[in-house]
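Using the sequences plus the hints, can you model the full thing?
There are 2 protein chains.
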Amino acid sequence: MTSSEKILHADIVIHDAMVLTMDKERRFIKRGSVAIVGDEIADVGDADWIAARYRARRTIDGQNKILMPGLINVHTHAPMTIYRGVADDIPLKEWLYDHIFPLEAKFSSNPENLKAGMRLAIAEMLLSGTTMFKDMYYFTDQLGAVVAETGMRAMLSEALFDNATPSNGGGEKTLQYIDAAIRNWKDHPLVQQAVAAHATYTVSPEFIVKAKDLARRHDTMFSVHLSENQWEVDTIREMYGATPVKHLERLHVLDRQTLAIHCVMLSDEDVDILAETSTGVAHSPQCNMKLANGAAPVPELLRRGVHVGVGTDGVASNNDLDMFDEIRTMSLLHKLSSNSTTVVSAKEAVEMATIIGAKAIGYDDKIGSLEKGKKADLILINVDKPHSKPLYNVYSSLVYSLRSSDVDTVIVNGDVLVEQRQLLKMDLSGVYEDIERIAHDISAFL
Amino acid sequence: MTSSEKILHADIVIHDAMVLTMDKERRFIKRGSVAIVGDEIADVGDADWIAARYRARRTIDGQNKILMPGLINVHTHAPMTIYRGVADDIPLKEWLYDHIFPLEAKFSSNPENLKAGMRLAIAEMLLSGTTMFKDMYYFTDQLGAVVAETGMRAMLSEALFDNATPSNGGGEKTLQYIDAAIRNWKDHPLVQQAVAAHATYTVSPEFIVKAKDLARRHDTMFSVHLSENQWEVDTIREMYGATPVKHLERLHVLDRQTLAIHCVMLSDEDVDILAETSTGVAHSPQCNMKLANGAAPVPELLRRGVHVGVGTDGVASNNDLDMFDEIRTMSLLHKLSSNSTTVVSAKEAVEMATIIGAKAIGYDDKIGSLEKGKKADLILINVDKPHSKPLYNVYSSLVYSLRSSDVDTVIVNGDVLVEQRQLLKMDLSGVYEDIERIAHDISAFL
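Top to bottom, those sequences are chains A and B. Numbers given in our numbering equal positions in the first sequence, counted from 1, plus 4. Numbers given in our numbering equal positions in the second sequence, counted from 1, plus 4.
Some hints could be false.
Because identical chains share one entry, a pair is satisfied inside a single copy or across any pair of copies.
[Stated by the list, open to error] Once the Cα atoms are required to be at most 30 Å apart in a straight line, the calculated DSSO-like pairs of lysine-lysine come out as:
1. 119 to 389
2. 389 to 110
3. 429 to 389
4. 110 to 34
5. 97 to 351
6. 110 to 351
Treat the hints as calculated values from the structure; they're not laboratory data.
Below you can see the structure in the form of structure tokens.
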């Protein structure tokens with residue numbers, strides 16, 4: 005620094021960490037710092053340089069910690085934490101029709117239950133290093149307030165079905181609800197409402213097109229479960245004479261503002277379509293495995309430049325919201341299914357959980373990397389435990405050795421929400437009380 | 005309790021936990037206690053009954069915790085923690101011949117390096133709920149002292165090759181080393197030495213038979229890497245005109261005192277042979293996936309009554325020693341590979357990590373369940389975090405939601421080794437110093 009450069013003010017400086025920027029050059033700064041002003045990253049650089057340049061209102065010690073962008077979970081049904089582990093290891097149809105659907109009809113129709121489930125989900129996500137999630141469920145307009153109160157960042161999508169849902173009447177009525185929700189939350193710094201159609205077998209072409217039109221009018225994301233398993237492909241072929249992907253291409257709803265969730269069963273033409281339309285993909289490896297749906301062709305999608313983000317899906321089929329766990333399983337799964345030790349490398353897995361995930365949901369102008377001008381969403385990870393030593397390669401460590409429980413500090417939008425593994429702004433005992441009460445009722449219903 | 009029953013003494017009572025016994029009836033006692041006298045479990049039962057019957061020198065509060073047998077890791081190369089993450093995401097042969105073998109020639113030939121690696125491994129295992137591991141590596145006679153000093157339980161096997169190894173001359177010389185090691189550690193309460201032949205492609209039939217004879221003479225386990233991948237099957241077919249399993253059957257070395265490690269590529273006849281000979285199997289799902297070797301036919305082996313335990317393998321190919329992580333991945337993997345949501349259920353996964361694992365290594369008379377007369381190896385697991393709520397089913401929670409970082413207390417042989425997630429008997433800073441020094445040398449060599 006020359007003497008003519010003036011000292012700048014920062015609200016927070018995270019000093020002397022191993023900074024994994026995930027910027028275009030994927031810079032890894034062994035002794036780096038990040039300066040935060042308000043809700044934004046003001047600077048990223050060498051620790052000494054930042055120390056000389058910034059006077060910080062608050063300094064957080066980053067020594068022996070990895071500092072990186074917060075993880076982005078691109079597919080959740082967050083309020084379903086109330087159903088965690090309620091029915092496992094049973095056939096898919098029995099699971100869905102005898103357990104999940106009856107439970108949802110009974111308990112998901114009460115928004116208070118979903119608020120409690122959402123609070124629990126956000127606590128779990130923050131403590132495990134996730135700073136942004138893209139959710140599809142019910143009562144999203146009401147749930148926005150829960151997200152806002154916690155300080156978490158989220159994109160919420162009310163699930164559209166042709167038929168009535170636990171939250172509203174389906175079809176036009178749901179579209180009206182979504183339209184109002186988007187308007188209500190417009191320009192909120194943390195919460196964005198977007199549009200989701202549940203799936204091609206539950207939403208008619210007419211309403212899929214109307215939903216995408218609504219998303220276009222509001223310049224927001226449209227998402228849809230797509231090609232999750234062979235049954236779906238067979239069903240859509242029978243109904244519309246095309247694969248689910250081709251069916252949506254014909255409806256002109258695939259573009260870079262669409263997120264296709266799952267994409268397990270893809271033909272070569274489907275891959276071409278997703279690549280050519282720049283459609284984003286949400287990949288949920290653990291759920292795909294647990295429900296025996298298959299291994300999505302992720303290495304091929306990545307080769308074709310498709311933005312594949314990572315989502316845990318709901319905890320009724322996972323059963324956690326742990327992105328560390330998810331990307332480790334993902335990296336192992338594709339090595340097995342591709343019969344190659346080199347695919348979905350640790351570096352690619354970290355990219356998918358950060359910057360590529362941000363691109364998949366159209367948020368990479370705001371988050372996904374540590375760069376000047378982006379929102380200050382970042383996490384500090386301890387590397388001081390036996391399982392994290394030695395550390396030869398930061399990507400290898402993050403994917404194959406480190407765990408969600410190593411996350412020490414979590415900052416969202418410039419706000420410190422987790423410090424030394426403790427939630428600073430949430431009353432966990434109140435959350436637990438609500439959850440225990442709801443779980444008691446659910447147990448009685450089982 | 006009637007007044008005539010006398011009050012008994014216990015060294016430790018773990019009071020009022022959710023006790024998962026893993027005994028024959030798989031009893032789950034919602035408010036249970038375990039009394040420990042010396043190195044043994046003296047009683048398991050209802051919390052009030054134990055409280056009335058025992059006066060404890062020390063009481064550990066089990067409220068809101070799951071109490072279960074310590075996890076058994078049936079296949080490790082524990083000292084290889086010094087190579088954690090040193091080479092990932094590269095082709096198998098390059099990984100082995102250009103990285104692992106040269107590193108081992110240089111650094112595994114110094115027993116001091118392996119002692120440091122072993123200490124780090126034991127710290128990691130204890131903190132993640134493992135109370136017993138079966139290891140195959142070098143300098144096992146010297147390493148026994150490291151295990152003993154930590155209070156961990158282990159069965160160590162010096163790896164026999166025809167050729168010289170980093171530790172000794174191979175063939176007869178290694179057999180002599182093993183024979184001496186077994187004698188040196190005979191009757192030690194924690195450490196047992198056993199016999200291992202590395203694999204059918206590195207050990208000639210002559211030495212495989214001699215190794216098994218040595219194991220028989222000492223009434224101890226014989227273990228061998230077996231049918232890990234297609235290359236091995238092809239190689240052994242070419243060398244001996246049989247599958248690796250059939251080859252060993254012809255050598256008469258398969259029986260209930262033999263542990264076959266991996267068993268990924270099995271013919272129907274191979275499965276028959278393993279079942280009929282009561283050979284134990286060590287299953288390492290994460291390593292099999294990471295090295296793209298395949299999915300072992302575990303559901304079929306379990307159906308046939310084969311004792312399949314779970315092992316993490318060495319951290320150069322995993323990259324951790326985390327049994328929670330391992331059994332979750334295992335359960336998901338086999339659902340995918342069998343195209344069935346019901347196989348390798350959460351309950352089976354917990355069985356494999358405890359009582360079935362104990363059977364696989366011939367230790368089920370001593371460990372693997374909480375039963376009167378067995379060794380006091382047990383773990384207490386917190387269920388007070390967002391990701392562990394609600395708790396509808398203890399097996400589901402253990403496998404699909406709980407994490408190694410939830411392990412709070414670890415007792416081995418009646419000795420409290422971990423309390424509130426802290427190691428009580430190990431000097432971690434000294435371990436880290438050694439590891440950093442070795443890792444520095446390894447980095448310079450890369």
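Right, here's what the structure says about each hint:
In this assembly of identical chains, the alpha carbons of residue 119 and residue 389 lie at most 30 Å apart only when taken from different copies (18 Å versus 35 Å within one copy). Taking the shortest alpha-carbon separations for residue 389 and residue 110, only the inter-copy value of 26 Å comes in at or below 30 Å, while the best intra-copy value is 44 Å. In this assembly of identical chains, residue 429 and residue 389 lie within 30 Å of each other by CA distance both inside one copy and across copies; the values are 27 Å within and 16 Å between. In this assembly of identical chains, residue 110 and residue 34 lie within 30 Å of each other by CA distance solely across copies; the values are 28 Å between and 52 Å within a copy.
Taking the shortest Cα distances, residue 97 and residue 351 sit within 30 Å of each other only across copies (21 Å), while inside one copy they are farther apart (37 Å). In this homomeric assembly, residue 110 and residue 351 come within 30 Å of each other (Cα to Cα) only across copies, at 28 Å, whereas the closest approach inside a single copy is 43 Å.
In summary, the structure agrees with every hint in the numbered list given earlier.
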